[in-house]
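Undergrad: Here's the letter readout for the chains.
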Amino acid sequence: MKNRLSDNKYKMIAFINIVVVITVWYLLSEVFQVFRNGMLPGPNVILETFISKLNSKSPDGNTLLVHIVSSLTVVITGYIIGVVIGLPTGIFMAWYRPIDYLVRPVFDFLRCIPGLAWIPVITVWLGIDLKAKAAIIFVNVFVGTVVNVYSGIKQTDQVKIWVAQIFGASHFEILKRVALPSALPYIFTGLKVSLGMAWLGIIAAELLAAQSGLGYMIQVARNFGRADLVIVGMLTIGLIGAFLTYLLEKVEHIFVKGRN
Amino acid sequence: MSSILKINNINKIFINNNGSDKAVLQNVNFEVEENEFIVVFGPGQCGKTTLLNIIAGLEKQSSGQVFIKDKLVEKAGPDRAVVFQNIQLFPWLTALKNVEYSMKIRGFSKEEYHSEAMKYLELVGLKGFENSYPIKLSGGMKQRVGIARAYCTKPDVMLMDEPFGALDAQTRYLMQDEVLRICNTEKRTIVFITNNIEEALYLADRIVVMSDCPSTVKEVVKIDLTHPRDRTDSEFLRLRKEISAMVNRKR
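Line by line, the protein sequences are chains W and E. Going by the numbering used here, the first residue of the first sequence is number 2, and it counts up by one from there. Going by the numbering used here, the first residue of the second sequence is number 19, and it counts up by one from there.
Because the hints were derived from the structure by calculation, they are not lab data. It is possible that some hints are incorrect.
[What the hints assert, rightly or not] Derived EDC-like pairs (lysine to aspartate or glutamate); straight-line CA-CA distance at most 20 Å:
no., chain 1, residue 1, chain 2, residue 2
1, E, K93, W, E174
2, W, K258, E, E148
3, E, K78, W, D158
4, E, K145, E, E204
5, W, K161, E, E77
6, W, K193, W, E250
7, E, K24, E, E92
8, E, K115, W, D158
9, E, K93, W, D158
My request is simple: use the sequences and hints to build the entire structure.
TA: Encoded structure:
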């Protein structure tokens, strides 16, 4: 009961915060006009642009929805491949010492290369289509997933492992029934961080080479001096990112039981 | 009576990072009879948990042997279930699933491990809390789950490492009575570690009195008081004084 009360209080504070930000934004842009020639359009203008962009193909040749679908396709493709390969890599590296010794030196070296630095070679190897862009996302996601899963598994409480050993569990069973469940919160943190990294990758990739996508839309809008459309692109990315994170948190609630 | 557990000349020396070594257990010898409640009592932080872990097969001794039913202990196994000091329930499993886990892992059928787990949860007084996650349970209740989990593996020896150390005094007294009740309902051999002399005297059939650092057995004292014991009984207090003096003599 008490929790619910303070919960509502926090929701209230969050709501007031958003109202304040939008008000200040409105005052700066429309009332005081601190930036000249519409370089900071007000929230009302952004909303108008957003609505009109749902139907309008100018100046970049696609409606907003097409851009969103285009970017999402790439992000989700690269993200899923990155997670599907990254999860077992991190798990087995953390749990089986030979694999750790075999893989970690290479991995530690590769992970020091920023994901974005891969863009030039990937475009050379794979071109600029979905495949190439998904590969850029993959690099970002893979590294983040492995690092978090690895440290999550490594932090398994020794005494909890003992408990399972006393009951006669094998090394693999301990991984399955003790290490993995106890690492689950870390794994989900990794998945969420990687999601942010995925968006980072897609925008960078589309700024370089694309015919559609939110990053591409922002780039074109910038060339046309359309600050309003740039901001619409930024906000759309933010909203989708927040929504995907929200979905992941829902999934986390289903899987992570009995913890704060 | 035959001894079920035999501790034979156990030594444990830890090597520090700087190469110096520290002996924590020195020539530890004692035997435990079947269905006996043995309390290993000693002051300080030295050696008792290590001894228990060696009996459990979780840590390696530097020398000496542990025999269970005349078989040399080489690794951990369900014949020596441990109730750990900080309980170590799996937070992602309900109370029931925590208890079931110990049987599930050894390939019992679902009906079997479910009914056994329910039986032992009831034995420890947790009927109605089967589906609670550990985070929702009090310290005493978690410790009950820990006992049920160890009990249902039907171990030859139950090893309890200061299980009530983290509980408040009132709950501690209650849990001591509970442990005695549970042990009387279904007999087990118990090795119970504590640094609390009152707890030792309240529970033990025999007390193994250990010295501090390196720990060695000072004396094994048979406690002939009848249960339920009175902590203010004159014989109880006399024994308390006598055993306290044993461990303090050196200082």
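Undergrad: Next step is simple, just say for each hint if it's right about the structure.
TA: Each hint, compared with the structure:
1. E:K93 / W:E174: holds (17 Å)
2. W:K258 / E:E148: holds (15 Å)
3. E:K78 / W:D158: Distance of about 19 Å is within 20 Å: holds.
4. E:K145 / E:E204: Roughly 17 Å between the alpha carbons, so the hint for K145 (chain E) and E204 (chain E) holds.
5. W:K161 / E:E77: Cα-Cα ~14 Å, so holds.
6. W:K193 / W:E250: Holds - the C-alpha atoms of E250 (chain W) and K193 (chain W) are around 8 Å apart, at most 20 Å.
7. E:K24 / E:E92: holds (14 Å)
8. E:K115 / W:D158: holds (19 Å)
9. E:K93 / W:D158: At roughly 19 Å apart (the allowed maximum being 20 Å), D158 (chain W) and K93 (chain E) satisfy the hint.
Of the numbered hints listed earlier, not one is contradicted by the structure.
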